[in-house]
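Student: Chain by chain, the residues:
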Amino acid sequence: MTAHIDAADGLRVRDLIVEIDGRRVVDGVSFEVPHGSRLGLIGESGSGKSLTALAILGLLPDGATASGSIRWNGVELVGLPDRTLAALRGDEIGIVFQEPRTALNPIRTVGRQIAEAIRIHEGIGRREARRRAVEEAARVRLPDPENIVDRYPHQLSGGQRQRVAIAIALACRPRLLIADEPTTALDVTIQAEILSLLLSLVEEEGMSLMFITHDLAVLSQVAADGVVLEHGHVVEAAPVATLLSTPSSEITRGLLRDATATLWRPEEDA
Amino acid sequence: MTPRWLARLWHTPTGRFGLIVAVVIALVAVISVFWTPFDPQASTIRERWLPPGWPHVLGTDDTGRDILSLIMAGSRTTVFVSVGAGIVATVVGVALAALGALTARWVRETIAVLVDILIAFPVLLIAMMISSVWGGSLWVVIWSVGIGFGVNIARVTRPELRRVQQSDFLLAARASGLTTAQSLTRHLLPNVAPVFIVQLSWSMAVAVLAEAGLSYLGFGASVVEPSWGILLADLQRYIGVHPLSVIWPGLAITITVLALNLLGDGLREATDPTLRHRSAEVHTPAVVA
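For the protein sequence lines, the chains are A and B, in the order given.
No gaps in the numbering here: position 232 of the first sequence is 250 in the numbering used here, and each next residue is one more.
No gaps in the numbering here: position 161 of the second sequence is 359 in the numbering used here, and each next residue is one more.
One or more of the hints may lead you astray.
[Said to hold, decoys possible] Computed list of chain A residues with no C-beta within reach of chain B, every gap over 10 Å:
hint, residue
1, S48
2, G64
3, V96
4, G176
5, G177
6, S214
7, L219
8, L262
9, D276
[Said to hold, decoys possible] If you want a taste of the chain B side facing chain A, the calculated C-beta under 10 Å gives, among others:
hint, residue
10, S365
11, F367
12, L368
[What the hints assert, rightly or not] Which stretches of chain B does chain A cover? Using the computed rule of at least three CB atoms under 8 Å from a CB of chain A, they are:
hint, stretch
13, 379-391
14, 466-473
These aren't lab readings, by the way, just hints derived from the structure by calculation.
From the three backbone atoms N, C-alpha and C, an ideal C-beta is built for every residue, glycine too.
This is chain B alone, in the form it adopts within the complex:
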């Protein structure tokens, strides 16, 4: 079963791109633990603001640190935050959605109201509340994005669960002898998965952005931790003098967010056959006016 959806994912161009980039970033993050071209925190004042070249492939920053090494090390933070926020969002989202769709009516309605209230809290506000208690750290980013987008996932997934739960085919499945638990795992969850996956990939992408943003504002990574957001904030001050250097962390963030979104879209297509066949028909070359 697993290789099947993976093969389908590989066959969508967007899914393939997203998958490759995500795997590359994960690999880079792992490699950076053991090796980077230079020590990302070693500053050599004589080598400030070197343009891209050799041995500093992407050049150096205002204290002579190697930008490629900084970006490689920063990818650890990105992967950590994005996966962490994804896990928290999944737990929060699935729990709220399941409670809000599959339980007794008064629980369902209470959860629906709760979700509507929570949705009004912006991620930034949650981050400020958490960091005012525990101080700024990457965990603040993980928890605030995870909770904020978990609620979002719940809001979108809950009605979908409800729709499938009341569908004729679930009744038919139970009529052919499936227990409630079997119909849940075989019919209910697979039908909700496409919607959930898109939401999850979106929240993981936003986590990358939020880490950059919150670190920039001082709620996230501390200055000594390698982070794309902090690197971007550092270099951005010199954008008038050295505009090229600020491109690299910006590009890293953009490509990662794009890849996660495309991966989500590809996964949705791979798990939803109705979508897949429709898109196969539309994939004839379109004339762009």
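Pulled out of the complex, with its shape left as it was, chain A reads as follows:
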């Protein structure tokens, strides 16, 4: 798992273009996520954040094509066949999606879903898979992991489901975790729990993190650097502290206003 050709490399995205039916929805996006670092991708909905994440994994929807360059540890991912990318997904790059209600298969127990990635990538047997599923469930601090692995998604709460989704993404100890608005669909109190869980797991494993959000307040808690997207373009890339103190673009200022509005109600500024 270690000893890559250039392990310090990590993820390097250069001039990424995603087109859907000839329309450019991501237009020349570049950024880097070196191993062990944390990057935030910020923007309003429709700015191309999620498509960027899907393009990295080679999971763009029908009719969408990616061009440009996405390098993972020096290997070019754009244009790789699906089978090769499948070996990478989950094993080296994991992803957590926004909506925990729909991200789990309704007719399979959560234990089987957690263990699925491990079975695929490590080829272990059914009994061993269950043991690992219980272990992973305990790691994301699901209550009563021995029994919860035999339950179905509809028997779990939203927060519990998101924990399951995180367990699935991290089951094979990927080197990079992409979190696509993992807390947006959750209650505020649960949001904080999930966020701190994510961070502690990322810290424990020394993973790098690419965190996608529209909320600067959340971003300030997770990432050191931020890339601001608007209509598929990078409008600003800076340390999060800079984005918060001296935002240079109008869109960042807008996002900052939204973020501060959730913290306190500002007096009508002049």
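Could you slot chain B onto chain A? The hints should help.
Tutor: Just chain B, lined up with the frame of chain A:
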């Protein structure tokens, strides 16, 4: 995996009933190949219209044939037609649904239109078209019901496939490293199975009815072949004189159709956990006003 859904099926009362009846009918069909109480085609004029009793348990018909033996022999036809139509419907339905959901857009849209056109053809019309070329036989029933209901299965299953294919959990499954083929067999098909099973059991039940109906009209079994439909048509002429005798083939058809439907419902419940747990909660005794 197999015993698990079977155990679940056994635990739903309707599924259990359907399963038992289906197995009994299949057994009877097999037994009738080797043994029936009497030769189903042997007529004894002196024993016409005997009431139920011994040795003719369900009585005899207008030519003195033993009705129980006729029904036993007729079950062969029923099983043959219903399984045959089920297989044809599965092949036609799954092929059309898969082509209509998982391929390139222009293929998908063409298939959708094709299905909508085919759905307008009633089974009877298909049967008449086929039999006008190849003559009446049980194969006509199998092909016409199979094609007619295969299209139906495709129409219901295609959007379901499409929905699951675009679902987040399929994307999530692929994101954790499943190849397209693996996500198809592990996530896509199991999620569509409940809908498909209900449709399939329904088309198999209709095949039983259609065999009776089409044989009655002369498109299906020939007169010498044992068939519930033909038996019903025969006895129905004497309903004013011997009303009891016509009940037996009617009852056989009704119970079979009911059992297949209940079996389908039970299977759906057994394969869909969201349904199962919900129904477990509702299964407290309900007060019927």
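Student: Against each hint, give a clear statement of whether it holds in the structure.
Tutor: Outcome of the hint check:
1. S48: Holds, because the least Cβ-Cβ distance between S48/A and chain B comes to about 23 Å, which exceeds 10 Å.
2. G64: Holds: least Cβ distance 18 Å, greater than 10 Å.
3. V96: holds (17 Å)
4. G176: Check passes; 14 Å lies beyond 10 Å.
5. G177: holds (17 Å)
6. S214: holds (23 Å)
7. L219: Nearest chain B Cβ is 16 Å from L219/A, so the label holds.
8. L262: The claim holds: L262/A sits with its nearest Cβ about 31 Å from chain B, beyond 10 Å.
9. D276: holds (25 Å)
10. S365: holds (6 Å)
11. F367: holds (5 Å)
12. L368: holds (8 Å)
13. 379-391: holds (count 5)
14. 466-473: Since 4 is at least three, the answer is holds.
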